[in-house]
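Engineer: Each chain is listed here by its residues.
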Amino acid sequence: MAKLDIIGIPRALLYYKYRYLWECFFKELGCHILLSPETNKEIMDQGINHSIDESCLSAKIYMGHIYAIINQVDYIFVPRFCNFARQETVCTKFNALYDIVRNTFPHKEVLHYNVDVLKRNGELKGFIKMGLALKKNFFLIVKAYIKAKLKQKHHDKLAHKQQADLINNESCLKMLIVAHPYNRYDKLVGFPIIKYLMENNIMPVYADIVDHKVARQRSLNISKTLHWTYSKELIGAIDYYQDKIDGIIFISTFPCGPDSLVNELCLRKIKYVPMLNLVLDELQGEAGLHTRLESFIDIIKIRKNKQEAVS
Amino acid sequence: MALKGAVLSFPHLGDYHVPIAYFAKRLLNMKVIKPLPITKKTLEIGAKYSPDSVCVPFKYNLGNFIESLDQGASVLIQAGGGCRFGYYAEVQEQILRDLGYKFTFIRIVSNDKLTVTNIYRQLKQINPRLNFFLFIYYFYFIIRMSKSLENIQQYVNKNSGFEVEKGSFGLLYNKFLGEIELVNNIGELNRLFLRYQRAFNKLPINKPVDCLKVGIVGEVYVAIEPFSNCYVESQMAKKGVEVTRLVTATRILLRRPKDHRDLLVKAHPYLKYAIGADGTDSVAKTKVFAEEGYDGVIHIKPFACIPELNAMPMLQKISHDYNMPILYLSFDAQTSEAGVLTRLEAFYDMLLMKRGH
Numbered sequence: 001m002a003k004l005d006i007i008g009i010p011r012a013l014l015y016y017k018y019r020y021l022w023e024c025f026f027k028e029l030g031c032h033i034l035l036s037p038e039t040n041k042e043i044m045d046q047g048i049n050h051s052i053d054e055s056c057l058s059a060k061i062y063m064g065h066i067y068a069i070i071n072q073v074d075y076i077f078v079p080r081f082c083n084f085a086r087q088e089t090v091c092t093k094f095n096a097l098y099d100i101v102r103n104t105f106p107h108k109e110v111l112h113y114n115v116d117v118l119k120r121n122g123e124l125k126g127f128i129k130m131g132l133a134l135k136k137n138f139f140l141i142v143k144a145y146i147k148a149k150l151k152q153k154h155h156d157k158l159a160h161k162q163q164a165d166l167i168n169n170e171s172c173l174k175m176l177i178v179a180h181p182y183n184r185y186d187k188l189v190g191f192p193i194i195k196y197l198m199e200n201n202i203m204p205v206y207a208d209i210v211d212h213k214v215a216r217q218r219s220l221n222i223s224k225t226l227h228w229t230y231s232k233e234l235i236g237a238i239d240y241y242q243d244k245i246d247g248i249i250f251i252s253t254f255p256c257g258p259d260s261l262v263n264e265l266c267l268r269k270i271k272y273v274p275m276l277n278l279v280l281d282e283l284q285g286e287a288g289l290h291t292r293l294e295s296f297i298d299i300i301k302i303r304k305n306k307q308e309a310v311s
Numbered sequence: 001m002a003l004k005g006a007v008l009s010f011p012h013l014g015d016y017h018v019p020i021a022y023f024a025k026r027l028l029n030m031k032v033i034k035p036l037p038i039t040k041k042t043l044e045i046g047a048k049y050s051p052d053s054v055c056v057p058f059k060y061n062l063g064n065f066i067e068s069l070d071q072g073a074s075v076l077i078q079a080g081g082g083c084r085f086g087y088y089a090e091v092q093e094q095i096l097r098d099l100g101y102k103f104t105f106i107r108i109v110s111n112d113k114l115t116v117t118n119i120y121r122q123l124k125q126i127n128p129r130l131n132f133f134l135f136i137y138y139f140y141f142i143i144r145m146s147k148s149l150e151n152i153q154q155y156v157n158k159n160s161g162f163e164v165e166k167g168s169f170g171l172l173y174n175k176f177l178g179e180i181e182l183v184n185n186i187g188e189l190n191r192l193f194l195r196y197q198r199a200f201n202k203l204p205i206n207k208p209v210d211c212l213k214v215g216i217v218g219e220v221y222v223a224i225e226p227f228s229n230c231y232v233e234s235q236m237a238k239k240g241v242e243v244t245r246l247v248t249a250t251r252i253l254l255r256r257p258k259d260h261r262d263l264l265v266k267a268h269p270y271l272k273y274a275i276g277a278d279g280t281d282s283v284a285k286t287k288v289f290a291e292e293g294y295d296g297v298i299h300i301k302p303f304a305c306i307p308e309l310n311a312m313p314m315l316q317k318i319s320h321d322y323n324m325p326i327l328y329l330s331f332d333a334q335t336s337e338a339g340v341l342t343r344l345e346a347f348y349d350m351l352l353m354k355r356g357h
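Chains E and L, in that order, give the protein sequences.
Numbering of the first sequence is given in the working numbering, commencing with residue 1 and proceeding in unit increments.
Numbering of the second sequence is given in the working numbering, commencing with residue 1 and proceeding in unit increments.
Just so you know, the hints here were simulated from the structure itself, not pulled from any lab data.
The list that follows gives simulated cross-link-like pairs (lysine to any residue, SDA-like), each with its CA atoms no further than 20 Å apart:
#1 K224(E) <-> I108(L)
#2 K258(L) <-> D116(E)
#3 K272(L) <-> N114(E)
#4 K317(L) <-> I48(E)
#5 K224(E) <-> N118(L)
#6 K244(E) <-> K271(E)
#7 K272(L) <-> V110(E)
#8 K317(L) <-> H107(E)
#9 K258(L) <-> L118(E)
#10 K317(L) <-> E54(E)
#11 K224(E) <-> D98(L)
#12 K272(L) <-> L134(E)
#13 K102(L) <-> R268(E)
#14 K224(E) <-> Q78(L)
#15 K125(E) <-> Y273(L)
#16 K269(E) <-> F105(L)
#17 K317(L) <-> D53(E)
#18 K266(L) <-> N103(E)
#19 K272(L) <-> T104(E)
#20 K119(E) <-> R255(L)
#21 K272(L) <-> G126(E)
Covered stretches of chain L, as calculated for chain E (at least 3 residues, CB under 8 Å):
#22 86 to 92
#23 268 to 274
#24 299 to 313
All values reported here derive from a predicted model rather than from experimental measurement.
Where a beta carbon is used, it is the ideal one built from N, C-alpha and C, also for glycine.
Using the sequences and the accompanying hints, generate a full structural model.
Structural biologist: Laid out in structure tokens, this is it:
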């Protein structure tokens, strides 16, 4: 029996967005997957060592995840994203991630697919190329892709439905968390904030769990010239959930490129609800974070009480 | 859009205010004021109203806008590009409106693409009587003008460090800037350019054959605008170094799809894909500099510029492979000139030592 290829997937950045697609695809092709562990202090430190000082925290953590598994795998999986259509681009970090990893860890083979629709490189083409690079059968690849894509869609829908049910049924305070999935799921970045909110009996509503198509449409109500797809989906969700929430928390990592401008615009344009802008970096202390969250929660509670007294 | 008595202004970019103002005056049928020269105060105002972690060109542009508005401007122009630059316009407009200014804001670049027809369409909105052929003529004209400027600048950068008479290059360059504004047609422009090229060639220099050669790569705005990079070019030239900067506005503006492919070919094997905005350019140019045997490269970027950050691992590798030192400078609103000077001096000494002097 031939040895199975082990493919390393770093549990960071876009993994949280495409996890079912990637995992299901490789499983269908009969590859082993090695997922890096949840982010911890050591991973972050290694990530800082292996990246340029000024990179954003999320990108540093990504490099740490790669370092954590690089010696145990045959391939490391780093996709490259550029755009999905006109005016639908991504942060340039994702354009370069593949080349950065290739240059930082030159000894390991990097497996990738390229999404650059304006240059006629769609997702399917990327997956087929990637599958052929693994020396798999063409039809098996297409079948695996379709199956994986459906699974991803199903899970996205399921998450959206669950969140909608929760919003309708729960009566406690609801806080919209506007953060990229890779920040809000991360054990060191977003998780402490979510945990603190839950402890204080506040229900987090996630801006990334939304019908993405609808969200992209509705983002036009807030910003007309925004060209980052992932940011569009997030601020579209603000518009989508606007009458169901009591407050908004923006979580971004220092110095995130898109968020530095998008969050600023939201803070200036949205008037109907209190907002908190949290920018995290690797030197963050938990106490300072808690103080800010605590006072923000107090503000929301007072506001809610006042509104109820009036009505 | 009827704009009677409107006054147009635009942000600074090095010496390109000359062609931009020329273009706007001839075509847009309205008064044009140049923004005040960039000073510490411009940056201070800009930084005060900008988000913290935005890159520094945003702060300079905002400072320029506020100063121009205070001078009486009522129409502002902003361009756009592939990175955060493409989103500058909307946020800056919002910030200025929140500050209580009344103005019309024109984004030359809609659909994140900088093409000639796009610019024409946007300018047509300001001046409905704009003639397409006249537009093309003046567009060609200012491209020629910018190219003449860049050629002269390049000559100055390469040779001003070896001038026999102190300050002769600077004086002549300023005179050239003053006269290029007054030309009326392409013939005059060409004659002026040739005249000054001869004049520059005649300036006495004392240049050794094996002088130190340093290339400058990096983000367009900070590389071109001398105030924002603490005058790296002239500081380096003063020490007796031949400075080459290939980053120019016309190269960015006139890049065709073929040029993008060429860049990737040049950057092979360090790059397989484009890494966004001018990052690809930086990698390709650094590799070319390394192959041509330059002594060192200075990489300039604003703090947290993502495309240039993307390019840095590749630059480090090129530096290692070709054994060519690279100085990485990143500029923000707080960058002190003294700190940059110290680093430049150390870099210069290191280049000298590496040569074995």
